[in-house]
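Protein chains: 2
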Amino acid sequence: MYKDTTIAELDQVIANSVKAFHQYKNYSLKQRADFMRAIAAEIEALGDELIETAMAETNLPQARLQGERARTMFQLTSYGAAAEAGNWLEASIDTALAERTPPKPDVRKMLVPLGPVVVFGASNFPFAYSTAGGDTACAFAAGCPVIVKAHPAHLKTSTLMASAIEKAAEKCSMPKGIFAHVYGAGFEVGEYLAKHDAIKAIGFTGSFGGGKALFDWANQRKNPIPVFAEMGSVNPVYLLPEKLATETESLAKQLAGSVTLGVGQFCTNPGLIVAVADDALTTFKSLLKQEIEILTPATMLHQGIADNYSTKLATALNQNGVEVVAQSTTEATKAQGKISIATVSGSTFLNNPVLHQEVFGPYSLIIECADEAELLAVTKAMEGQLTATLMATPGDINAHKELLSEVQEICGRLIFNNVPTGVEVALAMHHGGPFPASTDSRFTSVGADGIKRFARPLSFQNWDNEFLPDELKNENPLNIWRTVDNELTKEKI
Amino acid sequence: MYKDTTIAELDQVIANSVKAFHQYKNYSLKQRADFMRAIAAEIEALGDELIETAMAETNLPQARLQGERARTMFQLTSYGAAAEAGNWLEASIDTALAERTPPKPDVRKMLVPLGPVVVFGASNFPFAYSTAGGDTACAFAAGCPVIVKAHPAHLKTSTLMASAIEKAAEKCSMPKGIFAHVYGAGFEVGEYLAKHDAIKAIGFTGSFGGGKALFDWANQRKNPIPVFAEMGSVNPVYLLPEKLATETESLAKQLAGSVTLGVGQFCTNPGLIVAVADDALTTFKSLLKQEIEILTPATMLHQGIADNYSTKLATALNQNGVEVVAQSTTEATKAQGKISIATVSGSTFLNNPVLHQEVFGPYSLIIECADEAELLAVTKAMEGQLTATLMATPGDINAHKELLSEVQEICGRLIFNNVPTGVEVALAMHHGGPFPASTDSRFTSVGADGIKRFARPLSFQNWDNEFLPDELKNENPLNIWRTVDNELTKEKI
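From first to last, the protein sequence lines are chains A and B.
Heads up: the first sequence begins at 1 in the numbering used here, then just goes up one per residue.
Heads up: the second sequence begins at 1 in the numbering used here, then just goes up one per residue.
Okay, chain A solo, but in the shape it has when bound (with noise of 0.2 Å):
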């Protein structure tokens, strides 16, 4: 039903989208704003049948697919806001002083859109991370046209919601080749775009090896381009024993939910949970025990992630010192994901990479350290993570002050006394972390932030007035937030 694009298709693509970069990039804020508020329209307009396709094409509930159309509609409206407000632009003015020796020249800077940009979408998020989500909001706000591959286990999907974009794009009058959506079964339509030298930048979530391939593939380019792919990650949650002896249920309660929400298939899914070995924590396993077992499996995203998560958890299960400690006792189809929880010492996890890996599904592995040096030396042999969680009292953060600051090396947002899964579309947001959570831990790809991702800074230096930008104007005539000669201000100059 979907054919691959051809290469002279992709061409074609790339030399429209290199236009309408030409075009796109001197629309006013607004006419931005507008053009991703009319999208979120047209994704309403959409109605039931986005819904359905997507539920017939995920085995997402409906319940679900209605909220995450809702997340996508708002960052669509937000981040058209934001790029409107303008404190994304780090506009800054450093006036002219004539009569310094050598005189001191005006210089003025803000951010221009790097060029066209290619969204790879996920197969978890099908609307908010996918064809109409994050990324694509976000190159489109800072003034980037968008080609979107197709994410092959949503194709009806994404068509639907392509064609929502190409209706909006219409009826505010953007430039053709502003938005362009291929198909690719295989690889090689990512690969020649992201090794296009008209390609400018690359936003892309999904799992390591997808990432990992298009990072190399644009570093090797003869230019080089900045790939933000969002590659997950195992989310420690620690329990520090205080807490844990106080509150030994209701953190039972809280991480069997987040375990299994959304059939553990998100990225900021708990996958570690990791303690010093007491009393306190047998009996946070045997009430954990006890909140998994009467739990129901329920149908992964597609066969091949479920297929995935059943190897990947049966060569956790089979590491030597891995002892299961719960398990739904409702046996799991095929196309379900069997909710497990495991446990392993704290010296057997330093010692066996496999450990370390993401398990994408309802797993967790609780890691039983032997002492408080035994915590420590586990998290400062962990990979980069999107989250780390401290489970704590005051007290417990007060004895754990070295830990607090290790684990701020490893992660991109440090969670206190809540479940890492839930990520809410806010400027404080931060959704990225150290490699290999993404390959550039600098930027976001949830919250505003995540606009400058396909910018960069440009100075003018010298210009008269009338050729500035608006932005950089003397008169600041969109009324932006500016620092001039240092002091943030929306003063005239």
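Check the hints yourself; a few may be wrong.
The list treats identical chains as one, so a pair stands whether inside a single copy or across any two.
Claimed, not checked - Below, simulated EDC-like cross-link-like pairs (lysine to aspartate or glutamate); rule was C-alpha separation at most 20 Å, straight line:
hint: 1; residue 1: K30; residue 2: E487
hint: 2; residue 1: K492; residue 2: D470
hint: 3; residue 1: K380; residue 2: E406
hint: 4; residue 1: K19; residue 2: D197
hint: 5; residue 1: K253; residue 2: E291
hint: 6; residue 1: K195; residue 2: D216
hint: 7; residue 1: K30; residue 2: E475
hint: 8; residue 1: K19; residue 2: E406
hint: 9; residue 1: K19; residue 2: E402
hint: 10; residue 1: K401; residue 2: E471
hint: 11; residue 1: K25; residue 2: E406
hint: 12; residue 1: K176; residue 2: E402
hint: 13; residue 1: K222; residue 2: E383
hint: 14; residue 1: K380; residue 2: D11
hint: 15; residue 1: K285; residue 2: E49
hint: 16; residue 1: K380; residue 2: D4
hint: 17; residue 1: K473; residue 2: E84
hint: 18; residue 1: K380; residue 2: D197
Honestly, the hints are just simulated from the structure, not real lab data.
Keeping the supplied structure of chain A fixed, place chain B upon it in accordance with the hints.
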């Protein structure tokens, strides 16, 4: 005199740097700024010895080095002040909404330091872009310890500067390991540092070969790290027709001065002059010839640079279709750079990649385009540049809107009727550009925004106020600008 640092010594240096990082990252912004001010004071206290040592090692004249010393001190004090003001932290806070379904968590974000940084200085700026130069200043401001590999071309100068940093570190009670100075005649020491897992970022100023090797090593690591390599460029200067016709003589004088400033040893040296061939260009060439012929050659930084210039100049002048326009009539010695201007047609330039390469020294190539279409084609064919300059009247700008659009895509700083040499140290300065001008066009190596190169965002979710960094506490004790619920403010919460 300066033995290569051994691998065992490097391991110790790196271990000290990691330890220092865990302490220094918690030092207040004021402590960092005080340290940087103390370094500036110690540099001043080095007095004439510093200037005389650098004169002997680099052949740069006294006045230039005195100016560069002042610039270096200004970088330290002004980046310190910027660090203290805290705008660079991009602090943002989204407050909780407990009544929402699901409840909205409190999320707060700020930039945190990356970790130990390695700096490789430039031969052409022995103070401002070397041991205590811009990269080191930015890293200290961000909260990172620094390991400098001494530049082999000015080892004594580098060692003096290192002593100034070490004295300041002692006076300010900085942690042991906050700074280290290592030596390596070959590339092995640099390679070892760049590939070491504990090193988290690299600053480099120098050749394409050196910067690209670091970039590749860093990206091929198990955990890739950012490399900020500023690798120079040819900095095209466009002479648009009305401007060229009306200010022919003044343009010839300005460009003769800019091409030969500092024996052409600036990364912003105008290596290409681009114009449509007409009578005014013919006049310009003869006026430029008069200016160039009377100039006296000067000694380059060291024999290696002079030899390299001589070789690359010969290669450039030997290309088909390249004709010499002017050379200084005074014979250059082996250590000096022969001032040279050549010319070539636009079509020849388009077909010969050799002519696109930088010839580091007092040389510039005039590209004579057949018409406006060729001018545009030449622009589209250019590599990424630190700067591009339009010498133009308002009428020229209005007649060249497509050129204005295209030229923005190839540069980091766009200059109007100024020469590109002279890089103002100011917040609005962008010194960087699309690859290969720099490895990361999104970050500057001049100006306080350079601090952001060595930092990444970290979000804190649901933390008690007492455990948050001061920058994010409710009461805003540092009185910094923060974005609270999407509004910039210094207010408390």
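Against the structure, test the hints numbered earlier, and report the numbers of the ones violated in rising order. Numbers 15 and 16 - these are the hints that the structure violates, sorted from lowest upward.
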